[in-house]
Structure formats: C-alpha cells, structure tokens
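J.: The lines below spell out each chain.
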Amino acid sequence: NAGVTQTPKFQVLKTGQSMTLQCAQDMNHEYMSWYRQDPGMGLRLIHYSVGAGITDQGEVPNGYNVSRSTTEDFPLRLLSAAPSQTSVYFCASRRSAESYNEQFFGPGTRLTVL
Amino acid sequence: GDSVTQMEGPVTLSEEAFLTINCTYTATGYPSLFWYVQYPGEGLQLLLKATKADDKGSNKGFEATYRKETTSFHLEKGSVQVSDSAVYFCALSGAGGYNKLIFGAGTRLAVHP
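Line order of the protein sequences matches chains A and B. All residue numbers for the first sequence refer to the working numbering, where the first residue is 512 and numbers rise by one. All residue numbers for the second sequence refer to the working numbering, where the first residue is 3 and numbers rise by one.
Derived from the structure by calculation, the hints contain no laboratory data. Be careful, since some hints might not be right.
[What the hints assert, rightly or not] Covered stretches of chain B (chain A as the covering partner; in silico rule of three or more C-beta atoms under 8 Å from a C-beta of chain A):
no. : region
1   : 15–25
2   : 48–62
3   : 100–113
Here a beta-carbon is modelled for each residue, glycine too, at the ideal position from N, C-alpha and C.
Whole structure, please, built from the sequences with the hints as guidance.
T.: Okay, structure coming up:
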C-alpha cells in the first residue's frame with residue numbers, strides 16, 4: 512500500500528492564482544481531512560469528509576474548497592491564493608469516524624504564495 | 003470548544019536523560035488521546051494512543067497515561083536518544099460531531115550526544 516499520497520510536494524503561487532492540491536489514499540478509508548501547519552500553531556483542520564459526497568468545514572475553511580467524489584481522492588482547492596495561505600498542507604485519512612482510529616498522514620505540500 | 007494545551011518548546015536534553023512533555027486537554031465528552039511525532043521533513047506518524055481513562059499507551063520506550071481526573075496525557079521516556087529529536091504533538095479525537103482530531107501546538111525536542 513502506498514498509504515496517503517500528496518502532490519505536488521512544493522508549489523509557489525502568485526497572489527490571486529488558483530490551484531488544487533491532490534490527495535489520495537489506497538486503504539479504503541471513509542474519513543479524510545486536510546490540515547495546515549504553521550509555526551507555533553500545530554495543525555489546524557481545514558475541511559474533512561466522512562465519506563464520498565459528504566464534506567464539512569473545520570477550524571479554518573475560508574479560502575478553500577473540497578469535494579469527495581470517490582473514496583480514494585480528496586482534493587483541496589485554493590480559489591484565489593493569498594500570502595496568508597503560505598503554509599505546509601497535510602492530508603490525512605482514517606478508517607472511520609470512530610474516535611479511537613489512528614489517522615494516517617501524507618508527506619505534505621509546502622505552499623508559498625508571493 | 004475542545005482543545006489541547008502542551009508545554010512550549012524547544013526542549014533540549016542530553017542523550018539518556020529523562021523526558022517529560024506535558025499535555026492537558028479540555029473536552030466535553032470522553033475523547034481518545036494521541037501522541038504523534040513529526041521527524042524533520044516528514045509527515046506525522048502515530049506514536050501512541052489511549053482510548054479510555056487510566057489506559058496507558060506505549061511505543062518505542064515512550065509512555066503516556068490517560069488521566070481523566072487531571073485531564074492530562076503527559077508523554078514520558080526514561081532515556082532519550084539523539085534519534086528521538088523531533089516535534090511531538092498531543093491530540094484528542096472526539097471533538098464534536100464526527101470526532102474531529104484536534105492538535106496541540108507541538109513541542110520540539112532536541113537531544114544532544
């Protein structure tokens with residue numbers, strides 16, 4: 512199993528550009544989520560999904576869209592990039608919404624917005 | 003809302019020293035508690051977990067006990083190694099509907115020979 516994969520690994524955008532961060536998992540997990548990691552702030556939840564066709568907002572959803580058309584994929588879209596979105600983005604998945612399940616993380620995407 | 007507070011770093015230790023990283027939480031229900039570790043340039047990986055009060059999670063010499071009375075889940079290791087240098091995150095799951103995973107700010111550990 513490849514686990515959770517993310518592309519690209521690095522990205523530089525100009526203010527106002529849009530892009531999609533890709534995330535895929537091959538573990539047949541129901542639950543997927545996106546986090547951003549900023550210095551001194553830990554990981555903050557952007558959006559999450561409990562199954563295909565079902566998504567919801569996390570702590571910091573503004574400026575980001577998600578969709579979940581398949582179990583495997585959970586892309587994160589930046590609609591109009593801003594410097595405040597410079598961060599490291601992690602995608603994660605777990606078997607189900609049960610609280611005891613381990614969450615598996617991808618390697619991250621480092622995004623810089625100029 | 004639910005939250006996690008952990009001690010600020012960096013924590014700097016000599017090899018073979020004893021490690022404690024404090025973590026306390028606020029939750030309305032009965033969350034599961036986790037410690038994740040992030041090595042330089044990598045994603046997070048689960049270190050250990052506990053799913054109910056008085057449970058002890060352990061892995062690779064690290065331990066943490068779920069203390070409901072003090073709402074704590076402190077991470078300990080008796081003898082650290084240089085290879086333990088990383089950022090450690092305390093987290094809880096059980097936050098609101100669908101049991102979102104909420105993280106503390108992270109504690110950087112640096113171990114010197």
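J.: The structure should be examined with respect to each hint, and the outcome stated for every one.
T.: To see whether the hints hold, each was checked on the structure:
no. : hint    : in the structure
1   : 15–25   : violated (count 0)
2   : 48–62   : holds (count 3)
3   : 100–113 : holds (count 9)
Of the numbered hints given earlier, the model fails hint 1 alone.
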